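Chains as they are written, first to last, in our numbering: chain A, 1390 to 1599; chain B, 4 to 498.
Calculated directly from the structure, the hints in this document are not laboratory data. Since the model is a prediction, treat every value here as computed from it, not as a measurement. Wrong hints could be hidden among the right ones.
Stated by the list, open to error - According to the in silico footprint, chain B covers these stretches of chain A (three or more CB under 8 Å from chain B):
hint, stretch
1, 1410-1424
2, 1447-1455
3, 1521-1531
4, 1537-1547
Said to hold, decoys possible - Subject to a maximum C-alpha distance of 20 Å in a straight line, what follows is the list of computed EDC-like cross-link-like pairs (lysine to aspartate or glutamate):
hint, chain 1, residue 1, chain 2, residue 2
5, B, LYS229, B, GLU239
6, B, LYS215, B, GLU71
7, B, LYS452, A, GLU1453
8, B, LYS452, A, GLU1448
9, A, LYS1539, A, GLU1448
10, A, LYS1539, A, GLU1485
11, B, LYS229, B, GLU71
12, A, LYS1470, B, GLU339
13, A, LYS1404, A, GLU1451
14, A, LYS1470, B, GLU29
No residue lacks a Cβ here, since even glycine has one placed at the ideal position from N, Cα and C.
As a plain string of letters, each chain reads:
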Amino acid sequence: MSNENLVSRRGFFMKMGILFNGLVAAALTVPIVGYLLSSLTRGRANGYLSWVPVGSVSEFPEGETRLATFRNPYVTPTDGKTVDTACWVRRVAGEEFQVFAVNCAHLGCPVRWFPQSGLFMCPCHGGAYYRDGSRASGPPERGLFEYPYKVKDGVVTIQAGELPTPGSPTAYLLGKKPPCAGGNDLVSIQGSLRASSETNPSLGKKKSWS
Amino acid sequence: MVLIDRIGQWFDRRLQLAAPIREAAEHPVPRNTASWFYVFGSAALTVFMLQLVTGILLALIYVPSASEAWNSLQALNHDVTLGWFIRALHGWGSNFMVAIVLIHMVQVFLFGAYKFPRELTWIIGVFLLLMTLGMAFSGQVLRFDQDAYWGLGIGASIASRVPIVGPIIVKLMLGGPIIAGATLSRFFALHVFVIPGMLIGFVCLHLLMVLKLGINEWPMPGRLVKRATYTSEYHELTKRNGAPFVPYAVWKDLFFAAFILIAVAACALYFGPFGPTGRPDPTIIQTVPKPDYFFLWLYGLLSYLPPAMETPALLIGPVVVIAFLVLLPFLSGEGEKSWRRRPIAVMTVLLVAIVLGTLTHLAGYTPWSPHMNAWSGDPVPDKSLHGSTALQRQGALVFQAKQCRNCHSLGENGGQRGPALDSVAVRLTQDQLIRQVIQGGGNMPAYGKNLSPAETTALVAFLETLHPAGQAPARDASRDVVLSDAQEKHPGTQP
Chain A
1390 MSNENLVSRR
1400 GFFMKMGILF
1410 NGLVAAALTV
1420 PIVGYLLSSL
1430 TRGRANGYLS
1440 WVPVGSVSEF
1450 PEGETRLATF
1460 RNPYVTPTDG
1470 KTVDTACWVR
1480 RVAGEEFQVF
1490 AVNCAHLGCP
1500 VRWFPQSGLF
1510 MCPCHGGAYY
1520 RDGSRASGPP
1530 ERGLFEYPYK
1540 VKDGVVTIQA
1550 GELPTPGSPT
1560 AYLLGKKPPC
1570 AGGNDLVSIQ
1580 GSLRASSETN
1590 PSLGKKKSWS
Chain B
4 MVLIDRIGQW
14 FDRRLQLAAP
24 IREAAEHPVP
34 RNTASWFYVF
44 GSAALTVFML
54 QLVTGILLAL
64 IYVPSASEAW
74 NSLQALNHDV
84 TLGWFIRALH
94 GWGSNFMVAI
104 VLIHMVQVFL
114 FGAYKFPREL
124 TWIIGVFLLL
134 MTLGMAFSGQ
144 VLRFDQDAYW
154 GLGIGASIAS
164 RVPIVGPIIV
174 KLMLGGPIIA
184 GATLSRFFAL
194 HVFVIPGMLI
204 GFVCLHLLMV
214 LKLGINEWPM
224 PGRLVKRATY
234 TSEYHELTKR
244 NGAPFVPYAV
254 WKDLFFAAFI
264 LIAVAACALY
274 FGPFGPTGRP
284 DPTIIQTVPK
294 PDYFFLWLYG
304 LLSYLPPAME
314 TPALLIGPVV
324 VIAFLVLLPF
334 LSGEGEKSWR
344 RRPIAVMTVL
354 LVAIVLGTLT
364 HLAGYTPWSP
374 HMNAWSGDPV
384 PDKSLHGSTA
394 LQRQGALVFQ
404 AKQCRNCHSL
414 GENGGQRGPA
424 LDSVAVRLTQ
434 DQLIRQVIQG
444 GGNMPAYGKN
454 LSPAETTALV
464 AFLETLHPAG
474 QAPARDASRD
484 VVLSDAQEKH
494 PGTQP
């Protein structure tokens, strides 16, 4: 009888030991998962997006498209040059702008602007876009990603901070919807619609993945 | 000698490993498996060892930081004694490893080795292939240059297309909102700790199962695998016609392993290390990113898929392929092993090889990409300049200046995105040329807004000269009739 008691007592302790380890493991899982998901949770509050300047209005001649660079608003100490980002700024007229991501809407390669033919061309899979960012030909399913912009005190600022990818919610935001309520933003949307319909009505539609 | 024996005995008394090792080494294998067809598994293991050693050597110098990685690679290439050679060994080792793993897989597939009872060995092999490809991609990222940077962007663009969770996957993959320091650090962790750790574990399991279940016998046409009888038949075979693995079969493995190592070293010596290409600076957009050799087929595929097919193909394709590979031993776990009686298996391998080979070949010269500098760099063919009118010459200028050349070749020079235009005047009449230039279509942008009427006239006059010597340009017959009619009526209408 004592033997049986002994065995069950040991068995009980073993089970308790396993349970104890399970509890500790579960407790440790919370911070580990929290750490692993930090790149998601950090950006959740107001997103990674914020307004950054790309240059003063006078740097962009009317009717032309120029390459501008901006520093990504979210920086960590080991980022090096990778936080410096390029974008194409098109000054339509006056304070009416279009700011395009350099990333092709197909798979993200950097598109180049050819003022002579008025086309953006992608070196990777041959996507091409008209001067207003709408799709001209090739594999992209939509026009270039467009950053929301504001002009304040003669400085062009854009809302940036995330890599524009075809499926991201910001890509939807950047390509189609009015980004934020605000006079300038509305102008930018109207401007882009007008420009795209004047270039090519059938291809001016911007599609989004989401 | 006696001393060495005694030291050996001292250790083995404590480790007790000599007997199991000897047993494993001398386990009987069917005689006909001592074949040059059976050396690819051990060759893959050998190259994997080479990768472990050279990887550790590189980690002595390499700095996994987005701001320093490129500089540390330059130091390896130019400052550290023989750093370039270790980098080259690791880079070429990676190419060889992917190739050998694929060849090993084809051999195993064609020899029916995935059938009962070796299903799990095959499935683990499928995971080993995926991990090898994972190592190849993450390794390309660690070579943190322009190709790596934009390659990550392509990876993120593909991942972002997963419905609903796409953006979450992108942020987890990049470690933040953009490709930056955290991205490189996590690919370093994957490439150096996570995937190699899993690889070592899975390789051990894979090998253990080869030992436990025995090497696949040479397939004989007509000798069918049956679950009920296979194991006893195999034991009978090894008993009747077997030989100890060491030394009977192992010498071929040893020779081939050494040969592969020599080949890797020779490539490393002759071709040198891969890159790094330009600095990973996203503000430098004058770059033509290209994936490493083993992902070139994917690069080609992504250019040729119709846009609407792309996302489904990218997201569903890999799932289907992996599911098929994993389920293969359950779909045909019994029956014929010999490739001589499995025509569909042979055709499948050939088809896949031809498709991958063709796409890789095409990606070597990317006919789908515009040549970004053709408009300013490629010369106008001589024959277009001799005896041409001022208008036609003006058109040739427009043709260059408006970047038509980036997509259309003349005399073999220029982009291949659109059709070559050496004989375009034979195919299209003047009206059709004007329409095509102004409205585009058929994957060509519309140039209506970017050409003045004068430029269009000149361009079309130039294009009309583009026909072979003996062939007349296309003419619209009805137009001739209309013109001659007008000429006939014209004098009559005049008073």
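In rising order, the numbers of the hints this structure does not comply with: 1, 2, 4, 6, 8, 11, 12, 13, 14
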